[in-house]
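Student: One-letter residues, chain by chain:
There are 4 protein chains.
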Amino acid sequence: MRLAMIGLGRMGANIARRLMRGGHEVVAFNRDPAAVTQLAGEGAIGANSLEDVVAKLTAPRIFWVMLPAGAPTQDTVDKLMELSEPGDIIIDGGNSFYKDDIKCGAAARDKGLHYIDVGTSGGIWGLERGYCMMIGGDKEIVDLLDPIFDTLAPGYGSIVRTIGRDAPDSRAERGYIHAGPTGAGHFVKMVHNGIEYGLMQAYAEGFDILKGKSSERLEPDERFDINLTDVAEVWRRGSVISSWLLDLCAIGLARDPMLEQFTGQVSDSGEGRWTIDAAMEEAVPAYVLSAALFARYRSRVDHTFGDKLLSAMRFGFGGHVEMPQ
Amino acid sequence: MRLAMIGLGRMGANIARRLMRGGHEVVAFNRDPAAVTQLAGEGAIGANSLEDVVAKLTAPRIFWVMLPAGAPTQDTVDKLMELSEPGDIIIDGGNSFYKDDIKCGAAARDKGLHYIDVGTSGGIWGLERGYCMMIGGDKEIVDLLDPIFDTLAPGYGSIVRTIGRDAPDSRAERGYIHAGPTGAGHFVKMVHNGIEYGLMQAYAEGFDILKGKSSERLEPDERFDINLTDVAEVWRRGSVISSWLLDLCAIGLARDPMLEQFTGQVSDSGEGRWTIDAAMEEAVPAYVLSAALFARYRSRVDHTFGDKLLSAMRFGFGGHVEMPQ
Amino acid sequence: MRLAMIGLGRMGANIARRLMRGGHEVVAFNRDPAAVTQLAGEGAIGANSLEDVVAKLTAPRIFWVMLPAGAPTQDTVDKLMELSEPGDIIIDGGNSFYKDDIKCGAAARDKGLHYIDVGTSGGIWGLERGYCMMIGGDKEIVDLLDPIFDTLAPGYGSIVRTIGRDAPDSRAERGYIHAGPTGAGHFVKMVHNGIEYGLMQAYAEGFDILKGKSSERLEPDERFDINLTDVAEVWRRGSVISSWLLDLCAIGLARDPMLEQFTGQVSDSGEGRWTIDAAMEEAVPAYVLSAALFARYRSRVDHTFGDKLLSAMRFGFGGHVEMPQ
Amino acid sequence: MRLAMIGLGRMGANIARRLMRGGHEVVAFNRDPAAVTQLAGEGAIGANSLEDVVAKLTAPRIFWVMLPAGAPTQDTVDKLMELSEPGDIIIDGGNSFYKDDIKCGAAARDKGLHYIDVGTSGGIWGLERGYCMMIGGDKEIVDLLDPIFDTLAPGYGSIVRTIGRDAPDSRAERGYIHAGPTGAGHFVKMVHNGIEYGLMQAYAEGFDILKGKSSERLEPDERFDINLTDVAEVWRRGSVISSWLLDLCAIGLARDPMLEQFTGQVSDSGEGRWTIDAAMEEAVPAYVLSAALFARYRSRVDHTFGDKLLSAMRFGFGGHVEMPQ
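Here the protein sequences line up with chains A, B, C and D, keeping their order.
Note that the working numbering numbers the first sequence so that position 138 is 138, with each residue one more than the last.
Note that the working numbering numbers the second sequence so that position 53 is 53, with each residue one more than the last.
Note that the working numbering numbers the third sequence so that position 117 is 117, with each residue one more than the last.
Note that the working numbering numbers the fourth sequence so that position 267 is 267, with each residue one more than the last.
Pulled out of the complex, with its shape left as it was, chain A reads as follows:
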């Protein structure tokens, strides 16, 4: 199929490449034209404006928007809605908030357009491994786009089949699902990222405890000096906690056993927060996912005002003066 890829950052460019390798024609557009030139050199049809993108597609046009969530995505979707004709299809493949999708979907419907939200996991490894996709929108459009999703997905690969699985729809086993109506794709992807935060924090705390076992806080005869790089490696083999994130821990620790290149200030994107929002709307307890998010917040400040207030209270009742330790 021919489709446009709008946004040629790390994710967008690689998605375009995987599509081209799969025999699709990609009209490539990016705000910075250097990325367009690059991708045109690899076989894409370069475009120099959204209008040009529109001109280089035929109805029903397919636009895959792969931009940062929020204003960049919203502004582009809005512009595409103006330039499109009834029957055209806008795919938001980024990390948009699912409630924004629902609004965009309604706006698109009003203009006779189709709007599809695709939550895409796979990171910089997706070009080779394929992308895991969670798709929201109308069934007939999701079906129409199937050749695209089929190309992007990992496929069966060498992954062992789930025991007991006996579902007529093979898409999940090939790496993509039609999660539900507009917004459902990004909703599932949002929870995916919420879980990701929790998993990452579980490993982080575990390795912290392993490392702490050599700390001077303990008596010398209570200490173990554990090789964390080897621990990460061995857990990849036959253990209950093997995972792709653990593979990444092993890579990171093999490269830099003390992780000295990192400051320890950890960013968060919207999904972790939105996942907690969803938990609160549903009255679902989310102790671990929220704690994982807060750990990132905490990592970005030296000391909280609250910490100082604790000291003020301790000074108040016990005359304790907190000293740097």
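These are calculated hints, taken from the structure and not from any lab test.
Any given hint might turn out to be false.
The list makes no distinction among identical chains, and a pair is therefore deemed to hold if it is satisfied within one copy or across any two copies.
Said to hold, decoys possible - Calculated pairs, DSBU-like style, for lysine-lysine (alpha carbon to alpha carbon, straight line, at most 30 Å):
no.: 1; residue 1: K103; residue 2: K79
no.: 2; residue 1: K139; residue 2: K111
no.: 3; residue 1: K211; residue 2: K99
no.: 4; residue 1: K56; residue 2: K211
no.: 5; residue 1: K103; residue 2: K211
no.: 6; residue 1: K79; residue 2: K111
no.: 7; residue 1: K211; residue 2: K139
no.: 8; residue 1: K79; residue 2: K56
no.: 9; residue 1: K56; residue 2: K103
no.: 10; residue 1: K111; residue 2: K211
no.: 11; residue 1: K211; residue 2: K79
no.: 12; residue 1: K139; residue 2: K56
Starting from the structure of chain A, add chains B, C and D where the hints point.
Tutor: Then chains B, C and D, alone, in the frame of chain A:
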């Protein structure tokens, strides 16, 4: 009554003073003799060794040990057990681990001695306000010591009587209880301190959120610039969250609204940790109390190794490079 | 002053009573006229419709709306905006979401009206103790309404003055503050309630640990059988964790030591959730306040689907079959 | 090599089988002789008492103890120490507390014996996949036993090599490590299980949020009805959160999409608790791992006393009567 006060730190000296004000005779001992001299000047009988303490008491001797938990208390109790005669009474008024009390109590019993554990709350305010005491040990000895506890406790004071309370034992209303057998006093005090951590952290987080409302992370029109000193003050008046700890927040904020004198590194003593230990032994979920303890741990390091591991994973899957913010 | 009280539930009726006791004239309105009749019998001017309320006030009219947050408050405020004349003042004294206040305030301004948000703490005790109030809105209107706030607030009472406090504005010490522009009152009240959740959960966990010490999970010689009613009482006296909420624990336990009248399913209103929302917007870690909220969510379900998924995983890797315990 | 397998439960029997497949001779013993008969039928040398086990081995004897942690393991190790001769080797392959290992190791050393602790992960899948092993003890003994560990471990298999790994010791890549001195093996395994709890809870909360999106708590137009079985499946393919535990979720959900066979009461073994103990000794914040443990505690009670105390406080300040919902 005549009793010995062993350990004349902030707590021990004030307890001795309150006892003397109440008409008791105090034999005062401290490793550093300056404190003995000071207290002797206020009416106490100074002693220059534990042997001297023993000599200045008459059977049954009453020793109140008011020393830091762990080795200082344990060593003194051990020595007193050697110097004592059957029928003598050792009171541990510090913050000992209740399981250590149980061991000490058994050892004392083997020697015909009595061992009483007293959890004491009140801090530097206790001299004036009186001390809240949670007492463990044999009933007859607790009863024998009643004049001491009665003097130290706050008494009815001006505190409004609890609606519906109709208990024959008035001691709780006067500020002390016989909590149970040896160890029960410090167990209740331990949980008291565990709760204290949780309460303090709840205020800390709340004030952090009030303060964060003025942060540059928010858009200018989303910010409020709230006077935290006034908020602490007003909540003391008729609100659901008024408390003595809030009074201390109000004092601390009145003195230093930005709390600039504090680094934000917060110490913890053993009780918070032991409370979580107890919760785990009992299989009781203690989300809040553990989180309050961990907040203190976290306050004492710049960045955890775990935080860096999060960054290493993020770099691994997304090529994200975490930047100082 | 003359003002209208709209909404004569537990809070509204008592606020009206305290105002009348203070010499103010109250026009009382409620959807269910029985409450109007009741309050008219106590000296209020009854009204049988919002139109009637308007007619019984003189410009500038003062409307105090005391209704459940959300639709009940919003609908009434909307209606009052239609019926009012420029210069009239609408006070929302309920537990509205502060972002809704900001919208209402802007709408009021467009019509030449004044909108004031008052977060009110004190519960059913406020009639006697007075109400702690956190007020948002324009300074001149807050000043104009001062006689009302002054009457409702607890006043200095017998509360000890905060050491070191030296602020020109005495309102905080009398129990109310002008927290900032529209929305700031309810924002501060929201955080107040978030803290309240955290404080309550800290006590809840602590008493759970005390109670768990008698559980059959422990060996008989590890158990203590602690009198929780007495513990709550004694902590009211000179301890670091004395508070008004603890007073309520003491009352509850004195009345029903096993708390058998309660199922253990705990409701939450919006403030706890909004506080976490605010923390997430500000990137403030709120471990304790969120855990306190989640404990309530968890209390309302028998078992989570997530719990079952844990069992499914355990069965998957270890063949464990989870049995009722 | 010839060695004894003591304890032929699910784990012990399969470890024995994998050893025999690898050419080792196994003397098999179990309290219940049926398991011995079964394994003898598969080629093992049956033994009918620990004395018989000793008789059927030659010096230096190798005993692999594979029993539940605590008394069963301890009693057997104690007995073996009596029956052994200097130079014999006792391996504890179960889930013992690492501090118990340290005591056992010292006792063994006093008798001229060797004690090795092996943390073993792999569950009922280990027979086919191999076991991930974390080993503590003296280097020369660990080296001596290498043929055994080599057979039990998964080996390189088809797992992709860690990018950047360049370590001389290939054991980690083949699935086992010498973690350090006595106790270090079980310490690393303990943290492994602590992480396992955290990972499991992260998935549990995520799926709870997905499921909650269809709850009646939400307005009909806010709901999504998401196929959880398909979500688990698709996340196995190219997503950031793919893992072996997720594979197990997929299996469990494929078999029983509503997980109706499970009550939702989740057991915990010692390791989760000990991991938190270790975190507390090291002053490492472990928010997520502790919350994961507490979720299991909470799953095993209908309502906590603490929940009821929350209701009692709410009744106290607001007159709220909590109703079943």
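Student: Decide, hint by hint, whether the structure agrees.
Tutor: Hint by hint, here is what the structure shows:
Taking the closest pair of Cα atoms, K103 and K79 come within 30 Å of each other both inside a single copy (15 Å) and across two copies (29 Å). Taking identical chains as interchangeable, the C-alpha atoms of K139 and K111 lie at most 30 Å apart only when both belong to the same chain, with a minimum of 18 Å there against 47 Å between chains. For a Cα distance limit of 30 Å, the shortest separation of K211 from K99 across copies, 18 Å, qualifies, whereas the shortest one inside one copy, 41 Å, does not. For a Cα distance limit of 30 Å, the shortest separation of K56 from K211 qualifies neither inside one copy, at 56 Å, nor across copies, at 42 Å.
With identical chains, the CA atoms of K103 and K211 are at most 30 Å apart between copies only, with a shortest distance of 23 Å across copies and 47 Å within one. Proximity of K79 and K111 under a CA criterion of 30 Å is satisfied intra-copy only: 13 Å inside one chain copy versus 35 Å between copies. In this homomeric assembly, K211 and K139 come within 30 Å of each other (Cα to Cα) only across copies, at 21 Å, whereas the closest approach inside a single copy is 50 Å. In the homo-oligomer, the alpha carbons of K79 and K56 lie at most 30 Å apart inside one protomer (16 Å), although the nearest pairing across protomers, at 54 Å, exceeds that limit.
Taking CA atoms no more than 30 Å apart as the test, K56 paired with K103 passes inside one copy only; the shortest distance there is 28 Å, against 45 Å between copies. Taking identical chains as interchangeable, the C-alpha atoms of K111 and K211 are never at most 30 Å apart, the minima being 58 Å within one chain and 33 Å between chains. Taking identical chains as interchangeable, the C-alpha atoms of K211 and K79 are never at most 30 Å apart, the minima being 52 Å within one chain and 35 Å between chains. Taking the shortest Cα distances, K139 and K56 sit within 30 Å of each other inside one copy (26 Å), while across copies they are farther apart (60 Å).
Violated hints for the displayed structure, listed by number in ascending order: 4, 10, 11.
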